[in-house]
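Colleague: The primary structure of each chain is shown beneath.
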Amino acid sequence: MVTDFYNYWIVIALMMIGFFIVIVQGNLVKKLIGLNIFQTSVFIFYISIAKVEGGTAPILTEGVVLYSNPLPHVLILTAIVVGIATMALALSLVVRIHKAYGTIEEEELQERDHEC
Amino acid sequence: MGQILDFTLLFLLLVTAVATARVRDLFAAVMLSGIYGLVSASFFVTMDAVDVAFTEAAVGAGVFPLLLLAVLAMVGRYEKTAYRRPWAALILVTITGAMLVNGTLDMPAFGSADSPAQQHVAQRYIEESPEEIGIPNMVTSVLASYRGYDTLGEVVVIFTAAIGVLALLPSLGGGVRRKRESDGMGDHQVLRIVSKILMPVILLFALYVQFHGEYGPGGGFQAGVIFAAGIILYTMLFGLDTAQAVIKPSVLRVLAATGVLLYGGVGLLSFLSGANFLDYSALAEDPVSGQHIGIILIELGVGITVAAAIILIFFAFSEAAGENGEET
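Same order as they appear, the protein sequences are chains A and B.
When we follow the working numbering, the leftmost residue of the first sequence carries the number 2, and every step to the right adds one.
When we follow the working numbering, the leftmost residue of the second sequence carries the number 2, and every step to the right adds one.
Everything labelled a hint here was simulated from the structure, so no lab data went into it.
Where a beta carbon is used, it is the ideal one built from N, C-alpha and C, also for glycine.
Be aware that a few hints might be false.
[Said to hold, decoys possible] Below are the DSS-like pairs computed for lysine-lysine, each with C-alpha atoms no more than 27 Å apart in a straight line: (1) A:Lys32 / B:Lys81; (2) A:Lys32 / A:Lys100; (3) B:Lys81 / A:Lys100.
[Said to hold, decoys possible] Take a look, some chain B residues computed to stay more than 12 Å from chain A by CB distance: (4) Ser113; (5) Leu204; (6) Leu234; (7) Phe239; (8) Glu286.
Let the hints inform the model, and build the full structure from the sequences given.
Modeller: The following block contains the structure:
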């Protein structure tokens, strides 16, 4: 039972730690780091699903019949690169917010907004 | 044995994530996220996902922490606020986590070969792709041919994100730019010599990954990020000005678009040859060699766009850090 599912449970724990950081931290950079932990935990989940016990990497080899599932690999491979590109977009928004407000702490940002 | 390794890596990930949540110093959090990336790349190797591991190692342990460092140079290193209502958040994530754990109890056991995920299209990819596409790496077959349409969309997303970053972080070019004295770390002799030895190897490896992607682990996405990581290393050591003299941003902008155009162009070409969009079988007399031509061309397009987009993004960030860094 535990050996069947511990992989998924650790993924869920990682996901929740990322979620916790996103909710609790006021600093926008820290929020993005939390979001990255969340995102990577989803990658780990997909790759865990693709694993076949006793299988090998999905590259055709003489004498091997059991391969891990190539489809989740493809989805995650592209998701990682798309993830870094969109993360860069988020970071550049953080830089612009810092330029406009002088801070990236969420509470201070809200105070500035209420002053106007 | 495999299970111990698997468990150890997952445990390390958990420790790193908890440490990230606890540290108040953003610099430490960035370093921890680099470790997180590297450990998850190692985990992907134990899960037989070698192609994914390549990408995650270059992105998670290389590009992402470096971008974060450039941002920290602008926004400051320390967080100000303490946790806001941590207990409420803790209860919320515990409940959510418990519900998700409850959901996993209905899932097929980890690694079982007869789970629904292995029964769907995957069997067909594994059994037919060596004959249909004619290349050993199934990940490349699926990425470039079966799901070519999807991959085109993703390349366009990366291209668009790069445009977005360039629009948000406009370089104040045209104005007089200060010559940055402290730029780069070229004065450190050990760093300079070691990186000069490593640089050609990294770039050569990126090209190998690009052009060997059909036979071994590799392909355009992996090669693009590895190539970009090599150029980023160069920028870190010898400064932005030197790096931009080696690769001009204007050239990169054209290259980023060229990759997408090459990909779309191959699609149109197969369209005009009488097949479906991105169906490469029509590109040559023999469908299998048509697939080969198509895959090599679109992987090249992917590699060019990814490398150019990531280098452009890094240039934009380090340029902004050079202009705003001194204030904080």
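Colleague: If a hint holds in the structure, say so; if it does not, say that too.
Modeller: Going through the hints against the structure:
As the CA atoms of A:Lys32 and B:Lys81 are separated by approximately 13 Å, the hinted pair is consistent with the 27 Å bound. Restraint check for A:Lys32 and A:Lys100: the C-alpha separation of about 18 Å stays at or below 27 Å, so the hint holds. Proximity of B:Lys81 to A:Lys100 is assessed by CA-CA distance (about 17 Å); at most 27 Å being required, the pair is judged to hold. Distance check on B:Ser113: its Cβ comes as close as 7 Å (rounded) to a Cβ of chain A, failing to clear the 12 Å threshold; non-interface status is violated.
With a cut of 12 Å on Cβ distances, B:Leu204 stays outside the contact zone with chain A, its closest approach being about 18 Å. The Cβ of B:Leu234 lies farther than 12 Å from every Cβ of chain A, with a closest approach of about 16 Å, so its non-interface assignment holds. Listed as outside the interface, B:Phe239 is consistent with that label: its C-beta sits roughly 22 Å from the nearest C-beta of chain A, beyond the 12 Å cut-off. Taking the minimum C-beta to C-beta distance to chain A, about 24 Å, the non-interface status of B:Glu286 holds against the 12 Å cut.
Against the hints set out earlier in the document, a violation occurs for number 4 only.
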